[in-house]
Amino acid sequence: MKLLKKLPSLVLLFSALLFLAEGPGGTAEKNPQSVQVTIRTILAGNKVDEFDAKLKGMEQQLKSLKYRSYRSLKDDSKVVPWQGTQSFDIPGGRTLTVTPQEFQDNRIAVKVRLTEGEKPVVDTTVKIPNKGNFILGGPPHEGGVLVLSISAAAQ
Amino acid sequence: MNTCETIRESIGSWLDGELSPSASEAVRLHLAACSDCSVARQQLEKLQLVVKDELVTQAASIDFMPFWRGVQQRINRKRAWHEDLFEWSRGFLTAPRIAWAVPALIVVLLALFSLDSYLPGRGVRDNFASVESIDAHGRSVALLREDQTKTTVIWLYQDQEGENETAEEASKSGPTF
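Just so you know, the sequences run in chain order F and S.
Sequential numbering from 301 applies to the first sequence in our numbering.
Sequential numbering from 300 applies to the second sequence in our numbering.
Among the clues, some could well be false.
What the hints assert, rightly or not - Here are the simulated lysine-lysine pairs, DSBU-like style, with alpha carbons at most 30 Å apart:
| hint | chain 1 | residue 1 | chain 2 | residue 2 |
| --- | --- | --- | --- | --- |
| 1 | F | K366 | S | K449 |
| 2 | F | K363 | F | K411 |
| 3 | F | K378 | S | K449 |
Said to hold, decoys possible - What follows is a set of in silico ranges between Cβ atoms, one per label pair, in the way DEER data are often shown:
| hint | chain 1 | residue 1 | chain 2 | residue 2 | range |
| --- | --- | --- | --- | --- | --- |
| 4 | S | S429 | F | D389 | 21 to 29 Å |
| 5 | S | W380 | F | S334 | 53 to 61 Å |
| 6 | F | G393 | S | E431 | 22 to 30 Å |
| 7 | F | D375 | S | L409 | 29 to 37 Å |
| 8 | F | N406 | S | D446 | 17 to 25 Å |
| 9 | S | Y456 | F | N331 | 57 to 65 Å |
| 10 | S | L392 | F | D375 | 53 to 61 Å |
| 11 | F | Q401 | S | Q447 | 26 to 34 Å |
| 12 | S | I433 | F | N406 | 16 to 24 Å |
Keep in mind that the hints were calculated from the coordinates and are not lab data.
Please read these numbers as outputs of a predicted model, since none were measured by experiment.
Quick reminder that beta carbons are idealized off the backbone N, C-alpha and C, glycines included.
Just chain S, same shape as in the assembly:
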């Protein structure tokens, strides 16, 4: 693409003041030196002028009042609560926010689960076992649940006649819970 083609493509933007200062200066210098491009500039300026005149003429015949009234009404109208909620949630439920909110929620839940063990009286794990069946084959047996450590104790008493004669008092009496 030669310089003239490039400049002619930029003339529209130059006329609208959309170019950077350096690009604008380059176009201005080229137009001052190049008669062909200067003619193209004049044609474009004429075209813009014609279009502008036409738009102004047409716009005068259009009644914009209903349009502006509608805009005004929409601005003044009080929105229903569900519309407010929808707007709010649309702003809140963006992917990055959810991505951070979900792990934060998980951390809070895990912290709450952990906190349970630090609360007074919650430190001891429920270690109670449930005894489904027991057969001590004729011996006396005690089933105890020790509350402090939440432990289940099955205690066998050696009280059968002629059995365990060597057992001492400790085993005969059993523990005192």
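Pulled out of the complex, with its shape left as it was, chain F reads as follows:
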């Protein structure tokens, strides 16, 4: 009976907690400690018709590039602290350096630098939606082009 009397209060408390947990702007995402950066390296070409099954989740994004073949070369994921830098080896003696800079409005600002040996290829700063990605493509590789999917998720 005591529990029955307290039921309305318990329901109210539970719903308030539910709202805090699920509601927009929940506290969980406000002060992320680090960023999970994932780089997917894909070789796109026009020699054959081929689509790597490993890339199923990116099919729509990749097919908009209008190449005939897409093959996954490498997936790499690292946890990077804010203002910290992590390097990812990219086929063809290239290196991709990623520096997460800030987290604002559920978007992650990352500084990205692609080098070929010692030579810089591109330097860019991009604001990605949390758990989203962008594509950096164009460097030639093995008769095709490299397509890099760079995604970031605040943790």
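Chain F is already provided as a structure; the job is to place chain S on it using the hints.
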């Protein structure tokens, strides 16, 4: 407490007909057998009679008409809207109702947020990234926003003389969005 004391405490209620049938019968039997308690009963009956007579005498001299007129007026008076609202809200805003209404409201709001992803054209999350700065170190670069998947694409064109001579047509021309 002995039986007589208990019975004497119950005599008033017995006279007013407030006891249960079994308790009433117990009192009646005891009064028939106990002369002391029967005397107490007679005294109480006399007292009740005196009080009743006095009340009737006093009540006759009181003018109740203004009182009943006031009651009648209050019954007939049309209440203002804010009084109606207050009455209604007082009945509605009880703790158990609020306790159930708040989670119900939250469930409805969450359902509306979820519904957004099922609406036509809303299924694709806005994945557009904004490019704050870009330096391709002399190369041509294209910045594209692919609407269907809401994806931002930075495309590097290898068009510098003497660079990437092995690159094939695919890399020279770039994608056709």
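Going through the hints against the structure:
1. For the hint pairing K366 of chain F with K449 of chain S, the CA-to-CA distance comes to about 16 Å; that is within 30 Å, so the pair holds.
2. Between K363 of chain F and K411 of chain F, the direct Cα distance comes to roughly 26 Å. Compliance with the 30 Å bound is thereby established for this hinted pair.
3. Of the pairs offered as hints, the one joining K378 of chain F and K449 of chain S holds, with about 25 Å between alpha carbons and a cut-off of 30 Å not exceeded.
4. Separated by about 27 Å at the C-beta atoms, S429 of chain S and D389 of chain F satisfy the suggested range of 21 to 29 Å.
5. Between W380 of chain S and S334 of chain F, the C-beta spacing of about 59 Å keeps the proposed range 53 to 61 Å intact.
6. Taken as a hint, the range 22 to 30 Å holds for the pair G393 of chain F and E431 of chain S, whose Cβ atoms sit roughly 28 Å apart.
7. Range check, D375 of chain F to L409 of chain S: Cβ separation about 34 Å, and the 29 to 37 Å hint holds.
8. A hinted range of 17 to 25 Å for the beta carbons of N406 of chain F and D446 of chain S is consistent with their spacing of about 21 Å.
9. Judged by the Cβ atoms, the range 57 to 65 Å given for Y456 of chain S and N331 of chain F is violated: they are separated by roughly 40 Å.
10. Checking the proposed 53 to 61 Å range against L392 of chain S and D375 of chain F shows it holds: the Cβ atoms sit about 56 Å from each other.
11. Judged by the Cβ atoms, the range 26 to 34 Å given for Q401 of chain F and Q447 of chain S holds: they are separated by roughly 29 Å.
12. Between I433 of chain S and N406 of chain F the CB atoms are about 23 Å apart, so this pair conforms to the stated range of 16 to 24 Å.
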